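Novice: Protein chains in written order, with the numbering used here: chain A, 1 to 240; chain B, 1 to 240.
Hint data in this document are derived by calculation from the structure and do not stem from the laboratory.
Treat the hints with caution; some may be incorrect.
Repeated chains share a single entry, so a pair holds when one copy, or any two copies, can fit it.
Here are the simulated BS3-like cross-link-like pairs (lysine-lysine), alpha carbons at most 30 Å apart as the crow flies [stated by the list, open to error]:
1) Lys140 <-> Lys77
2) Lys17 <-> Lys77
3) Lys191 <-> Lys219
4) Lys77 <-> Lys8
5) Lys219 <-> Lys31
6) Lys77 <-> Lys16
7) Lys16 <-> Lys140
8) Lys91 <-> Lys17
9) Lys91 <-> Lys219
10) Lys165 <-> Lys191
11) Lys94 <-> Lys167
12) Lys94 <-> Lys219
13) Lys169 <-> Lys219
14) Lys31 <-> Lys140
15) Lys182 <-> Lys219
16) Lys31 <-> Lys182
17) Lys219 <-> Lys87
18) Lys181 <-> Lys219
19) Lys191 <-> Lys181
20) Lys87 <-> Lys24
21) Lys4 <-> Lys140
22) Lys191 <-> Lys167
23) Lys87 <-> Lys16
24) Lys94 <-> Lys24
All of these numbers come straight from a predicted model, not from anything done at the bench.
There are 2 protein chains.
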Amino acid sequence: MLSKRELKILRSLRQKKFRNEHGKFLVEGEKLVQEAIESDFEVEAVYHGQSQTPPTPSSFAVQEVSQKELSQISSMKNPPGIMALVKFPDKSFKISSDKILAVEGINDPGNLGTILRIADWFGIETVLCSEETVDEFNPKVIQSSMGSIFRTRLARVDLTEKIEKLKAKGYSIVGAEMSGKKLDRDTIPQKAVLVMGSESHGISPEIQKLLDFSVTIEKRGGAESLNVAVATGIILSYWV
Amino acid sequence: MLSKRELKILRSLRQKKFRNEHGKFLVEGEKLVQEAIESDFEVEAVYHGQSQTPPTPSSFAVQEVSQKELSQISSMKNPPGIMALVKFPDKSFKISSDKILAVEGINDPGNLGTILRIADWFGIETVLCSEETVDEFNPKVIQSSMGSIFRTRLARVDLTEKIEKLKAKGYSIVGAEMSGKKLDRDTIPQKAVLVMGSESHGISPEIQKLLDFSVTIEKRGGAESLNVAVATGIILSYWV
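Here chain A stands alone, though its shape is the one from the complex:
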């Protein structure tokens, strides 16, 4: 059983404000908990229901909790029987890769999670995101990343400033836009930052100024646009 104080803290982690205050987030479900444990992230505690076999503890606490407590903590309609409390990763890492994905103002948590999963599939190690992009520790981002949140390095940065610096270091800056060069195997240089804009507003004027050029997925039918995660998947498949 959890103390009132513990329960209150765990419940509060459903909100970004309290995740930032505590520097921790919750991961729900057996598969994601296992991925968290196996990752470089620091798991602080695992909470599980009676019917769930807990993982073998190493550096973290394991505690059995009631079904009621699980429902109170969970952000899901049908709470899974196991959750992990995970510390925010160290975000001060040096960018060492030639291929960088940058996302600007992605609001939909499902889209950001799916983009992380795609980046992970294609071996993109570094994802930069603008400050107003949806919180990466939002439960829906974590769920839709299918564990890729633990394998991709995401940095929340002043995107304009960061892109200016990368441009000065020889990176080509390439935006995904509705009109631009036709996407093919050699359209995007090997050393580049690919910028994906927000679902509704695209790439901001500040970042558009920094673009060397834009790239476009050729349209042949009637749809007005592609979902931003789908577009990211297509472009990465030609670039990596």
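Start from chain A and add chain B according to the hints.
Specialist: Chain B alone, transformed into the frame defined by chain A:
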């Protein structure tokens, strides 16, 4: 104001069973209603709130309803101020295109809607889906298709039987699977059926038997899989 009977019928259309019984479905929001009106589909009626300018009627009825009625009919948390009642399209069409997309057992309405949007973007006219695939007139499918439901011809068929027939007519049958030929511009023949399996189970053994070969999106990183809609987008971008 709507009669009790009308209200009951409109509300019931949130369920597949009643959509099939009446042969009608609801479309919500200004953009989708406009797309429905401009499409080949037959719009029977448009319902709108006081603040919403109704479209100019032609062959359909236009009725002002209260906010309460809109909320009662809507399947959305924040009901938009306008909805259209649309008849099921005539589904007896002849397949005339060389490139056919077939989806088997897609359960998630967001995925099916996104797949229709992608097919529409790439000009794939015909989408075949297995009988157990989620209902295409599910409100979430319609929303996530972003109007492509009105431009893509979707046929719900006995997929094994249909694919057997198409194979006999000279179509290559190509599955998207985790191991197969590496995807590139010329991997999939011009005249072919591309089969995308379900999110959790992939392609069924019955249809696997009919495949000429499988195609795979090369993986370079850690993610176990790609979302089925993302994978569809990537493969179509190389094929069309």
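Novice: Return the numbers of the hints above that this structure violates; sort them in rising order.
Specialist: none
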